[in-house]
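Residue numbers (this note's numbering), protein chains in the order written: chain G, 51 to 198; chain D, -6 to 123.
Be careful, since some hints might not be right.
Just so you have them, the derived chain G footprint on chain D, three or more residues with Cβ under 8 Å [what the hints assert, rightly or not]:
#1 7 to 18
#2 81 to 93
#3 97 to 109
Examples of chain G residues lying across from chain D (beta carbon under 7 Å, computed) [unchecked claim]:
#4 Ala84
#5 His90
#6 Ala93
#7 Val111
#8 Val112
#9 Tyr143
#10 Thr158
#11 Ala187
Hints were generated in silico from the structure; no laboratory data involved.
For clarity, every value in this text was computed on a predicted model and none was experimentally measured.
We treat Cβ as the ideally placed atom computed from N, Cα and C, and that holds for glycine.
Read off the chains here:
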Amino acid sequence: MSLDPSFVGRTYPPTAPYQVGREKIREFATAIGATDPAHHDPAAARKLGHRDVVAPPTFPVVITMAASRQIVEDPALGVDYSRVVHGDQRFAYTRPVVAGDELVCVNTIEEVTSRGGHGFLTTRTDVTDAAGEPVVAVWSKIVVRGEA
Amino acid sequence: MELPTQTFRVTRADLIRYAGASGDFNPIHWSDRVATSVGLPGVIAHGMFTMALVGRAVTTWAGAPDAVVDFGVRFTRPVVVPDDDEGTEVEVAAKVKEVTEDGLTRLDVTATCRGEKVLSQARATVRTPR
Chain G
51 MSLDPSFVGR
61 TYPPTAPYQV
71 GREKIREFAT
81 AIGATDPAHH
91 DPAAARKLGH
101 RDVVAPPTFP
111 VVITMAASRQ
121 IVEDPALGVD
131 YSRVVHGDQR
141 FAYTRPVVAG
151 DELVCVNTIE
161 EVTSRGGHGF
171 LTTRTDVTDA
181 AGEPVVAVWS
191 KIVVRGEA
Chain D
-6 MELPTQTFRV
4 TRADLIRYAG
14 ASGDFNPIHW
24 SDRVATSVGL
34 PGVIAHGMFT
44 MALVGRAVTT
54 WAGAPDAVVD
64 FGVRFTRPVV
74 VPDDDEGTEV
84 EVAAKVKEVT
94 EDGLTRLDVT
104 ATCRGEKVLS
114 QARATVRTPR
């Protein structure tokens, strides 16, 4: 399916702050089998210089996937979510996410292309903390498959 | 330099647990009926679950859970997870591509399932272990 290239450069309003809970980090780490004590034990995390347990590197997707609904559910863009496949994913960290963070996401559409009947949509989500300082930038490319 | 290959077993139970923890309840990750109806061979792992396993491998190689500064992948092939106790396996290997003077190590990573690559352009930058 083809997506409207005029959406490139569009930035969406900041999302409501997401409170990163210690138990959520533990739950996510357990679900991926990450047993390092720094994901589970605040004392172990503090030894590494963090104020509370540290999230595994892909944890921010929990927040950014929810935040990106404002794009994929934007009726003006018209993505058919049942035809969406995950293409690429990237995280560029300023610092790790830790429990206690309050994170805000700002979504920007970076690229819209069509090829072979499929639409490709690249979004960048800038994740900042309560002080407005950058934490991680997250890129996600989705493929909207054309009708077979 | 090649890093030691790490192998991760993936079962249906892992996908259910990941769905709950991540909030990604797309039924192609838990329902054969839905997965086959959209042309997949069966239930597949969340791409982000596979990436999370690669992230575990990377932090293990780096020797620190907070060492990752950049991590990106392209999902090229689904990881099909059968409904049995064995599940499937994902093998993760990597080569050190570069060690920079400012304390970073760049890794080129490969992830395979049943002998086929499931990711391409998988790259991670980690703080060089001291």
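Violated hints - listed by number, lowest first:
2, 3, 5, 6, 10, 11
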